[in-house]
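Engineer: Given next are the chains, with one letter for each unit.
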Amino acid sequence: MNSVNLIFDQRLYGAEAIQKAAYRGQHAFTLDLQVEGEAFSCTLLGNITTAPAAFDKAVEDFKKDVLDYQLRSKLRAETEAVRNLILGVAFSKTGLV
Amino acid sequence: MSKFQGQESYGNQLNYELLPFSFDRFNDDEYILTNLAGEHLMMSAADLPTLINRGLDPSHHQFASLRSKHFIRYPEEQAPLSLLALKVRTRYSRLPPFTNLHIFVVTLRCDHSCPYCQVSRQMEGEGAFDMTQEMADRALDFVFRSPNPAIKIEFQGGEPLLNFDMVKYVVTEAESRNQQMGRDLQFVIATTLSLISENVLAFCKEHSILLSSSLDGPKDLHNANRPRPGKDSHQRFEAGLKLARESLGYDQVSALMTTTDRSLDRVRDIIDEYLRLGFNGIFLRALSPYGFAIKTKKFMSYDAGRWLEFYKEGLAYILELSKAGIPFIEQYTALVLKKMLTSEDPGYVDLMNPAGIGIAAIVFNYDGAVYASDESRMLAEMGDESFKLGNLLTDSYEQIILSDRLLDALDESFTLSAPMCSECAFEPFCGADPVYHHAMYKDVLGRKAESPFCQRNMAIFKHLIELMRNDRQTRDIFMEWANGC
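Protein chains in written order, with the numbering used here: chain V, 23 to 119; chain A, 240 to 724.
These aren't lab readings, by the way, just hints derived from the structure by calculation.
A quick note: this is a predicted structure, and the numbers were derived from the prediction, not measured.
Glycine included, each C-beta is placed from N, C-alpha and C at the ideal position.
Honestly, I wouldn't trust all of these hints.
Stated by the list, open to error - Distance windows between CB atoms, simulated:
hint, chain 1, residue 1, chain 2, residue 2, range
1, V, Ser25, A, Pro388, 58 to 66 Å
2, A, Met718, V, Ser25, 25 to 33 Å
3, V, Leu67, A, Ser321, 46 to 54 Å
To be verified - Straight-line C-alpha distance at most 25 Å; calculated SDA-like pairs for lysine to any residue:
hint, chain 1, residue 1, chain 2, residue 2
4, V, Lys79, A, Arg264
5, V, Lys79, A, Arg695
6, A, Lys326, V, Lys79
7, V, Lys96, A, Asn266
8, V, Lys96, A, Arg306
Please build the complete structure, drawing on both the sequences and the hints.
Structural biologist: Now the structure itself:
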C-alpha cells in the first residue's frame, strides 16, 4: 500500500490547514495525524484504488494544499470583520436576516 | 480655481487593505481569485502570497484590476464595500420572492419507455396514476400561497397529454383564481410531442402555454433512446414540432436532450439535428442518478470524464458555428457564464445556493405527495422518500415548507459553510444540489473531493475561463450568452 510520512512545524502550520488539505485529497488517500512535540506528523495512506503515480501526485497536491489553506486562514482572519460588514449591508432590509 | 484635486491626490498609496476573497490553484503557475460577488481574476502563483501579505507594489500590472474588482481597497475607501454589498444583494435577489416553479405531475402514464427515464412510468390506460381534480385544487391552493409575484406552472408526467383534461382544468382554474391574485402566470407542458393535436394546440394558443419537448439527436439515435410502439418517436416529434410552431409561434417550443452512451461519439450530429430543425440552442445534459437511469444501469454507462469530452467537443463545434455567423448557444454554458460574468443568478435549481429545492421549485405528484424537486420525486419512485415533504391532503403549506426534511437539506448542503465548498474559488459559479449528493452518497453534502458533480462543474468552469483567455472572439460570444439567458 502507498504510504508517506510528512512533518509540519506547528509554529508555521495549523492543524486545520492540514485537515482541510487532507479532506480535499480523500479521493486518493486518508490521513493519520498526530502531534509529536512541536510538529504535526502526517501519515498519508493511499486508498486501495489509488495507483502509485496518482498517489505521488496527490501527495504533491496535499503539500500545496496545506500551504494554500494556511494562506486562506490568514486572509480569512484579516477580512472577517469587513466580510461581516458587507454581508450585513447586503442583506439589510431584505427580510432575509 | 480647478475643480480637480492636485496631482498628488491621484498617486498610488502603498498601504492597501484586503477585502474578502477566495482562491484556488488554476494550474501549476496560476491561481484564480473570486470576490464575494463572484468576479474573478487570474494571478501568478508567485504574486498571491505577496498580495495577501500586503506587499504588492502599486505599480504591479494587476494592482488596478485588484482594486476595481474589489479584492483590495485603500483604507479610507467606502465605495468598494458598498459596491460589493450591492452585487451580493443582486446575486441573492431571487431568494425573497420564494418559489416560482410549481410542477404538476398530472399522470405517470407514458407512451414511451425510455431506458434512461428518470421517472417510474406506467402503461397507457391506467387511470390510477392520474392526478384527480381534488388533488389539483389542493395543489393550486398551495401554489397561490407562494409569495412570488411570478408563478410558473409546469405540467409533467409520464406524458401530460395523456391526461390533458386535467391540464385544461388546472390552467382554467389557475387563471380564474389569478383574477383575484394578480400574479404573472405562465404555463409550460413538458411533452414528447408524440400525442400533440390541433385541439391541444388550440387550447395552448388560447392560454399562451409554452411547450418543452425532448430531442436526443438524429432519427436513429432519438428512436433508439426513446422507444415507443411503432418506433416512430422522432417522426412524431418532427411532425408535432411543425404543427406546434405553426400554431403557437416558432419560439414557443423548446427541446432538451439527454446524453446516453450512444450519444457520446455523435455530438456534432446531434447539434446538426437541432440546427436542421431550427433550434437556436441545445442543452448538453448528462444523465442523472435517478429512476430508471439507475435501474437499467444507463447512468453507469459513462463517467464524468467521458461526458466532459462530449461536452467540450460539442462546445467547440458550437463556437465554430457562432464564429461562422450561425447563432447557436449551449444552454448550460450560458447559465454558468451568467453566474461567472454578471451579478445575476439565472435561478437554475442545480446551480443554486442555498439549494433551489422547495424554495425555487416544488413538485405536486399525481397522488398528492409534495416533493422538493423533480429529482426528489424520481428518487421516491425508486423507494427513497427522503425529499417527500408531505401530502396535499394531510399537510398545510406551513408544515410542508417548514418541514425538517426541507430545512435540514437546505441547511446541511449550504455551500458557504460546507467543507471544501466554503473556501472554493469556484463556489460563486456553483451550487449545492443536495438531492444529487443524497442519491449518490446518502448524504446531502457528499464528499466533494469524490463527487462527479464537483468534478464535472469544476472542469467546466476552468474550461470556460481558458477558452475566454485564449480567444477574444470567444470571450465576446460568451458575454452575449451570459447576458442573453
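Engineer: Now look at each hint and say whether the structure bears it out.
Structural biologist: Outcome of the hint check:
| no. | hint | result |
| --- | --- | --- |
| 1 | V:Ser25 with A:Pro388: 58 to 66 Å | holds, 60 Å |
| 2 | A:Met718 with V:Ser25: 25 to 33 Å | violated, 49 Å |
| 3 | V:Leu67 with A:Ser321: 46 to 54 Å | holds, 50 Å |
| 4 | V:Lys79 with A:Arg264 | holds, 14 Å |
| 5 | V:Lys79 with A:Arg695 | holds, 20 Å |
| 6 | A:Lys326 with V:Lys79 | violated, 38 Å |
| 7 | V:Lys96 with A:Asn266 | holds, 22 Å |
| 8 | V:Lys96 with A:Arg306 | holds, 20 Å |
Checked against the numbered hints given earlier, this structure breaks hints 2 and 6; the rest are met.
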